[in-house]
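Q: Now for the letters of each chain:
Protein chains: 6
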Amino acid sequence: MTDHPLKPETKAKLGQVSVATLATALFKRGLRHQVIQDVRPLSPKGNNMVGPAFTLRYVPAREDRNQLVEFRNPGHPQRVAIETCPPGYVLVMDSRKSAAAASAGDILITRLMMRGGAGVVTDGGFRDAMNIAKLDMPAYHSRPSSPTNLTTNEAIAINEPIGCGDAPVFPGDIVVGDDDSVIVIPAHLAEEVADEAVEMTAYEDFVIEQVQNGATIIGLYPATKEENLNKFAKWRKANNR
Amino acid sequence: MTDHPLKPETKAKLGQVSVATLATALFKRGLRHQVIQDVRPLSPKGNNMVGPAFTLRYVPAREDRNQLVEFRNPGHPQRVAIETCPPGYVLVMDSRKSAAAASAGDILITRLMMRGGAGVVTDGGFRDAMNIAKLDMPAYHSRPSSPTNLTTNEAIAINEPIGCGDAPVFPGDIVVGDDDSVIVIPAHLAEEVADEAVEMTAYEDFVIEQVQNGATIIGLYPATKEENLNKFAKWRKANNR
Amino acid sequence: MTDHPLKPETKAKLGQVSVATLATALFKRGLRHQVIQDVRPLSPKGNNMVGPAFTLRYVPAREDRNQLVEFRNPGHPQRVAIETCPPGYVLVMDSRKSAAAASAGDILITRLMMRGGAGVVTDGGFRDAMNIAKLDMPAYHSRPSSPTNLTTNEAIAINEPIGCGDAPVFPGDIVVGDDDSVIVIPAHLAEEVADEAVEMTAYEDFVIEQVQNGATIIGLYPATKEENLNKFAKWRKANNR
Amino acid sequence: MTDHPLKPETKAKLGQVSVATLATALFKRGLRHQVIQDVRPLSPKGNNMVGPAFTLRYVPAREDRNQLVEFRNPGHPQRVAIETCPPGYVLVMDSRKSAAAASAGDILITRLMMRGGAGVVTDGGFRDAMNIAKLDMPAYHSRPSSPTNLTTNEAIAINEPIGCGDAPVFPGDIVVGDDDSVIVIPAHLAEEVADEAVEMTAYEDFVIEQVQNGATIIGLYPATKEENLNKFAKWRKANNR
Amino acid sequence: MTDHPLKPETKAKLGQVSVATLATALFKRGLRHQVIQDVRPLSPKGNNMVGPAFTLRYVPAREDRNQLVEFRNPGHPQRVAIETCPPGYVLVMDSRKSAAAASAGDILITRLMMRGGAGVVTDGGFRDAMNIAKLDMPAYHSRPSSPTNLTTNEAIAINEPIGCGDAPVFPGDIVVGDDDSVIVIPAHLAEEVADEAVEMTAYEDFVIEQVQNGATIIGLYPATKEENLNKFAKWRKANNR
Amino acid sequence: MTDHPLKPETKAKLGQVSVATLATALFKRGLRHQVIQDVRPLSPKGNNMVGPAFTLRYVPAREDRNQLVEFRNPGHPQRVAIETCPPGYVLVMDSRKSAAAASAGDILITRLMMRGGAGVVTDGGFRDAMNIAKLDMPAYHSRPSSPTNLTTNEAIAINEPIGCGDAPVFPGDIVVGDDDSVIVIPAHLAEEVADEAVEMTAYEDFVIEQVQNGATIIGLYPATKEENLNKFAKWRKANNR
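Just so you know, the protein sequences line up as chains A, B, C, D, E and F, in that order. In this text, residue positions in the first sequence follow our numbering: the first is 16, and each later residue adds one. In this text, residue positions in the second sequence follow our numbering: the first is 16, and each later residue adds one. In this text, residue positions in the third sequence follow our numbering: the first is 16, and each later residue adds one. In this text, residue positions in the fourth sequence follow our numbering: the first is 16, and each later residue adds one. In this text, residue positions in the fifth sequence follow our numbering: the first is 16, and each later residue adds one. In this text, residue positions in the sixth sequence follow our numbering: the first is 16, and each later residue adds one.
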């Protein structure tokens, strides 16, 4: 899928930084549309979702192809996606930004969790959202949506490049979600972006501390005054960062 | 209003199933647009709202007909709706999918609760939402909206067929809400749909348990493998379902 | 900026009334669009935000003017706004109703709080929203938005008249937010509106109590029956209102 | 329906003025939302549509009530509306601002024309729009929409107060359309508004002529300079206005 | 691609009927979402576009993959689509319902025409629309859009199932466009639907003639009165239909 | 206002190229959002609008500040904008992307034309659009809008940086409109972009001719095959381009 598998140390780094920081790191590289727009966690988890993307694409449902009997087909792409998404991956669904019907429900998402999925994202909505919210796996959507996915969505293809919330998602891209939102990092950039974001986070943590102590942001954020860089150097030593 | 009053045992059954399950039961019958789109509970209640629909219809407000003095009229349709909605009914408001101004506020909704209302739904928004959220009666809307309803809405008619969140609502239809969303069941289908949903829920509860124990969904959900039906038969006995 | 500074006693009164009540008081005066549409508190605070408006205006970002290096400029309007917003004021941002990129993040908003800001409102979204939610200063937005503001927004002007969520905001207008929403009171009306809202709130509190005890709203809300005004007079005495 | 039938001379006056001028005349009277938003003529007619409103209300279609067989029912409200709309009236349809399916097609609209209808307006869309555009009766909609109305719309009620394009429409209100848009004049105001609009139009025609000859608008539009009123008096005489 | 190639006689039939009539024929078969929503012809052609679908799918553009240099790649999917779309086919583009940037421009669409394309449809917009409008090949879009497609769209895949304007489109489906809109007929239904639509059109033409002569629609449309069927039989003979 | 006045020869060049070509030239320079989204000419003029931007900014109307009497004030910013926009300039209005009420009407736009204005653009709508369409000056908007601008818009500031249709517009930027849409060229880039666009247009005209004669676009557009550059060189000579 990709020549850039996610290294454990990169994954660990991406677990400690915010989506906002990652968005800035990608902005520096000219990538401005990697945040998945208008999705939110079903419940705040307090820690990050991190994993490579495994994708599912929906098209508008044609009624004759989307009766309940379709689910009896073991080859139905939605079910196959759930059963073949590799452990540690994030399942990302292109639901055409519509929550008029569901992208999936609690049974499938529980199965994904049991199989070791790192999380799930749709730019539509989940049914049984109140149950999915309680699972030990992060999930992001636009809003709860109770109608079965057959009502408006046909699962058509697995692991193709897709759009999700107006962000481009290629299989194997690294997906990171925090309690605010979700970002998609091109696989080949994950390592350098993770490194840079860890550095940025150290500085931001230092800045927040300074600001909480009354410092002005001028000259501090960003660090245009030499003295702030010196203070930061000391802070890093003192805080083992 | 309807020849299909809600039986207590049907009401009880509808209290135990999810809107998602009911949506699938209606989908089987060719009804695909019965979920009220884009409304949410002001606060999760942990149990279902169930009751026949009593409706209120708004039209865009014409300024000369919608000054504060109108509320002094004891025949104002909004107030009449609150005072005549039968106990056990759900008041459903067609606010033209706009939360630019309120559909109602905490005084009226408290009165509705005191009169025995089973709940309230608008495809607009409530003012004093922070107070309505604390009431012992479920309420659903799109988002909080503080301007008085006179600003954009004129209450014009009571207990007519309406649209609410793009769902058709006929007086007497059975309205069910859970912590995710709200669905409208045509009155004549309520009993059979309730029965079927209880059966579906038993199977879904069994499936979730299987999946939590590591089962694949293929052949299980839906049950295309004989063995799963056998397991389910045993599970029902063991669990008194 | 305005000839109508906010008096401490007016501020105190505005702290005790709801945005809904204020919206009705302004509606009586012919002002129907003063509620900022589609913003919500990042976290409920349980008490009101009150302060005069200090404004920041964004225009769509032109890429050559909005690289990260811009933030090194001590004169960048976004940073200047944070560092010059007077203590006790509410910073109101015109983000063109778009949360595609952030209006600001936790470092700047923490700084605003440390400088004595009374609160912050944007009709876009904040990044680091999960952190801003925990601050001791109220903040309102449309939804979390992680991309840096440079992505789509250029901070262009400070303390001009702006639109925010389709409401007109003039510097010095009095901004009040509760756990539902935010309203903008023209400065010259703040005192009389505060007085009237306190009176209205007394009556509404009385009404809620009556309704909770089983009273009908007809003749009570509004008070078209003499007896209710008498009851209210007694209630005020008994409750020191 | 209304105590204010449309007098022939009022109708004649309304035929000579623009919707823009009428909107200003209603604005003076505090009515700000009488223009039907986002509708346009299927073809420019070069003269005004004028007539009292006869209304048809749609609700979202429930599939079991909206099969093609319904059209065989002579009492189907859509067909009844076409066959009972009085000659000289404008049929105004509340299609819930959705053109996902049609409000009507060329056969019905041709029949309406043959029966003497003054015009037709929907805030949805017409099918066979290319044919309706060629009829000798004005028609206004949002955009062409080919699916049969049964797909999403159920005609439910005739001659009730409705909303159309966010404007309130009461049966008997006077509807005026020009090549730009459509406005709804409350029946009791039609006469005085028509008179005033004719006066305003005379002045506007004078102003346009002055401006085409190089005059500034300051002092002229509106007429704050005495000399312009004098010029206008002469112009009226010279032009028999 | 499909086992149901478009027969010349079916194509001829589909050339004589309206999209509205075809929509009703599909509605009878339970297919309610086959009209491509919110697209319109760049110029009315006065005759139908008919051909099997050849599809192109766009995803949101990632900046590093969408620089102008990409167009130098002879394998760029947009250009390959233009150069491989079979003669007689309609190129249908999934542009994610966004006209923020172009789907294609006049050079590519002219090339498509020269290669024998039957037409082109996008749910986004064309650049150089004023030129494409003058071509001898029908084109449909949402609105003109001048930015190069690289700005927001990456052409990613050819001849996959896609969504276009919320309609499902499978390669080989038969696409028909008239001066109002565009519909997608599943390939296996094209023949029977064409036959039925020709019959329906004959009756509709008869009805329009009757209505123009003063007939009521009750009993005529649909034909619930025997006498109308008799009249129609005569009319067919007289008109060779 | 700007240090880069529009030279007559640059203006002439910009009159001969399309907005699409200019958009590509700006895209090469990293500017991707300079096309004003969702505006269209009131009538096609067949030639380009070109001129520096003079801006007018609207905020949401507060009712007490926006009564008809305001127009009697000779200092009302809307009227001042019309009377002070320099000859040859394009008046660009930030109407907050709303056509709920007008940005201006035919009297003011006629006056602008008489004063030598090069054109007018709003991201809202014009009233009297049917008359403005006939003027000898190009005008662009979203759709006709008959309500007076006071209904929702207050003209607040002249010649500030604004947003218009999500494009940034700085006073003095060069605005170019064709029959498709409108683009904003930063003043300092106008000359080089004009030069480049003229070159690009020559090549595009050559390409269209080749394609009309049956050439493939591969290797031709863009010119990756040497032979096409040679052909182009001959074509230029032959055609004096």
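A hint or two may mislead.
Identical copies go unnamed one by one, so any copy, or any two together, can satisfy a pair.
To be verified - Below, simulated DSBU-like cross-link-like pairs (lysine-lysine); rule was C-alpha separation at most 35 angstroms, straight line:
1. K240 to K149
2. K112 to K249
3. K246 to K112
4. K112 to K252
5. K149 to K28
6. K112 to K43
7. K249 to K149
Derived from the structure by calculation, the hints contain no laboratory data. Just so you know, these numbers come straight off a predicted model, no measurement behind them.
Q: Would you mind marking each hint as holding or not holding in the structure?
A: Verification of the supplied hints:
Proximity of K240 to K149 under the C-alpha cut-off of 35 angstroms is restricted to the inter-copy arrangement: shortest distance 29 angstroms between copies versus 47 angstroms within a copy. Proximity of K112 and K249 under a CA criterion of 35 angstroms is satisfied in neither setting, with 47 angstroms inside one chain copy and 42 angstroms between copies. When the C-alpha separation of K246 and K112 is checked against a cutoff of 35 angstroms, the pair qualifies neither within a copy, at 46 angstroms, nor between copies, at 39 angstroms. When the C-alpha separation of K112 and K252 is checked against a cutoff of 35 angstroms, the pair qualifies neither within a copy, at 46 angstroms, nor between copies, at 43 angstroms.
For a Cα distance limit of 35 angstroms, the shortest separation of K149 from K28 qualifies both inside one copy, at 26 angstroms, and across copies, at 24 angstroms. When the C-alpha separation of K112 and K43 is checked against a cutoff of 35 angstroms, the pair qualifies both within a copy, at 27 angstroms, and between copies, at 25 angstroms. In this assembly of identical chains, the alpha carbons of K249 and K149 lie at most 35 angstroms apart only when taken from different copies (28 angstroms versus 42 angstroms within one copy).
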